[in-house]
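Colleague: Sequence:
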Amino acid sequence: MSEPEEDRGQRGQHGGVDGRSGRMGRLLAEVRDAVSVRTLLLIVGVLLLQLGFILSYVGAFHDPSPHRLPVRVVGPQGAAERMADRLDELPDRPLRASAAHSEPAARAELTEGGTAAVFVLRPAEQRDRLLVATAGGSAKAGAIEEVLRQVQASRQRGLAVDDVVPVQEGDSRGLTGFYLVVGWTVGGYLVASLLGVARGARPANPGRAVIRLVSVLVYAIVSGVGGAVVVGPLLGALTGHLLELWWLGALLVLAAATVTMAFQVLFGVLGIGLTVLLFVVLGNPSAGGAYAPELLPGFWRAISAALPNGAGTDAVRNIVYFGAHGIAVDVLVIAAYALGGAVVALIGAVVRGRRASADSAGSDAERPS
Numbered sequence: 001m002s003e004p005e006e007d008r009g010q011r012g013q014h015g016g017v018d019g020r021s022g023r024m025g026r027l028l029a030e031v032r033d034a035v036s037v038r039t040l041l042l043i044v045g046v047l048l049l050q051l052g053f054i055l056s057y058v059g060a061f062h063d064p065s066p067h068r069l070p071v072r073v074v075g076p077q078g079a080a081e082r083m084a085d086r087l088d089e090l091p092d093r094p095l096r097a098s099a100a101h102s103e104p105a106a107r108a109e110l111t112e113g114g115t116a117a118v119f120v121l122r123p124a125e126q127r128d129r130l131l132v133a134t135a136g137g138s139a140k141a142g143a144i145e146e147v148l149r150q151v152q153a154s155r156q157r158g159l160a161v162d163d164v165v166p167v168q169e170g171d172s173r174g175l176t177g178f179y180l181v182v183g184w185t186v187g188g189y190l191v192a193s194l195l196g197v198a199r200g201a202r203p204a205n206p207g208r209a210v211i212r213l214v215s216v217l218v219y220a221i222v223s224g225v226g227g228a229v230v231v232g233p234l235l236g237a238l239t240g241h242l243l244e245l246w247w248l249g250a251l252l253v254l255a256a257a258t259v260t261m262a263f264q265v266l267f268g269v270l271g272i273g274l275t276v277l278l279f280v281v282l283g284n285p286s287a288g289g290a291y292a293p294e295l296l297p298g299f300w301r302a303i304s305a306a307l308p309n310g311a312g313t314d315a316v317r318n319i320v321y322f323g324a325h326g327i328a329v330d331v332l333v334i335a336a337y338a339l340g341g342a343v344v345a346l347i348g349a350v351v352r353g354r355r356a357s358a359d360s361a362g363s364d365a366e367r368p369s
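Here UniProt numbering is used: the first residue of the sequence shown is 1, the next is one more, and so on.
Hints are supplied without guarantee of correctness; some may be wrong.
Distance windows between CB atoms, simulated [unchecked claim]:
1) V351 x G236: 46 to 52 Å
2) V222 x A198: 15 to 21 Å
3) F61 x D163: 20 to 26 Å
4) R38 x G236: 45 to 51 Å
5) L235 x V210: 35 to 41 Å
6) R157 x Q50: 47 to 53 Å
7) V222 x G298: 34 to 40 Å
8) V222 x R26: 48 to 54 Å
9) Q50 x V218: 31 to 37 Å
Don't read these hints as lab results, they were simulated from the structure.
Glycine is no exception: its CB is placed at the ideal position from the N, C-alpha and C atoms.
Start from the sequences, fold in the hints, and give me the full structure.
Modeller: Structure below.
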């Protein structure tokens with residue numbers, strides 16, 4: 001007896017539904033196998049890092065404005081003090097003005113990087129004079145000039161501008177030092193990341209950690225001289241300071257590498273993301289490249305000198321243009337990162353080695369004799 005046509009149709013419908021459900025189940029299983037929860041979390045982390053990158057760069061650069069730029073005022077007794085007080089109390093406080101004893105003293109302070117500009121009052125003439133140092137940042141010098149031109153317009157007086165410390169011919173807008181520091185820091189965290197990817201994010205034991213530290217030290221020395229040669233003898237962008245830039249660069253590369261190693265020891269592969277957060281997302285916008293820290297919003301202005309990027313950029317400019325005055329603090333900041341990263345990496349490797357030994361001893365004890 002043949003099966004009723006209606007029953008066959010219902011069974012076919014159920015079979016089709018079951019087939020589609022089976023295919024959907026297999027597809028979901030494939031997705032779960034290909035994209036684990038850990039992978040999904042990493043993707044979310046990358047997204048947050050990307051959004052942080054956009055937020056940090058646009059937040060830092062979208063509205064540059066001067067904040068307490070140091071200016072020395074020179075003029076007849078009493079007049080300089082009154083002008084300094086006036087400039088110091090301008091709306092939004094763009095300048096931090098103070099009177100200087102003499103023009104030569106103020107000029108010397110400018111050439112050593114101790115002040116951003118010198119405003120020279122000349123009552124006997126129709127124009128006063130502004131001395132700037134574009135080597136310390138063309139945007140900073142331009143911001144001071146803009147503020148003082150507005151002040152002079154209200155006083156119905158002119159303003160003559162003299163660039164006392166200009167940039168070298170090959171250093172367009174004074175940005176070479178910033179790009180040099182970016183190159184050094186990128187090299188430092190890339191080499192440490194590469195070692196982590198190739199041989200495991202966490203060194204197997206303290207001996208391996210020491211080997212990695214020695215490896216990145218050698219790399220840092222070579223990278224430092226390489227960067228100094230490129231911007232100096234090769235391109236002629238920053239000339240005359242090869243040795244000083246070499247060792248500053250080596251210290252910067254070492255700092256970036258050891259900090260990356262420390263993050264990897266503490267957080268595994270996630271440490272690479274934290275390194276990018278520190279050096280790229282936060283460090284580069286606040287470093288004072290395109291805009292001096294005094295032109296950035298408060299957050300980026302506050303962290304600039306505390307990060308290797310900002311300390312390195314400031315140190316390069318001071319070495320090349322301002323007789324290396326005031327670089328001690330910058331060097332100490334960079335050295336603190338280099339030393340701190342190395343110490344954390346070593347301590348982490350020691351702790352990891354002890355845990356591994358304890359686990360191994362426990363496994364041996366559990367085995368039947």
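Colleague: Tell me, which hint numbers fail for this structure?
Modeller: none
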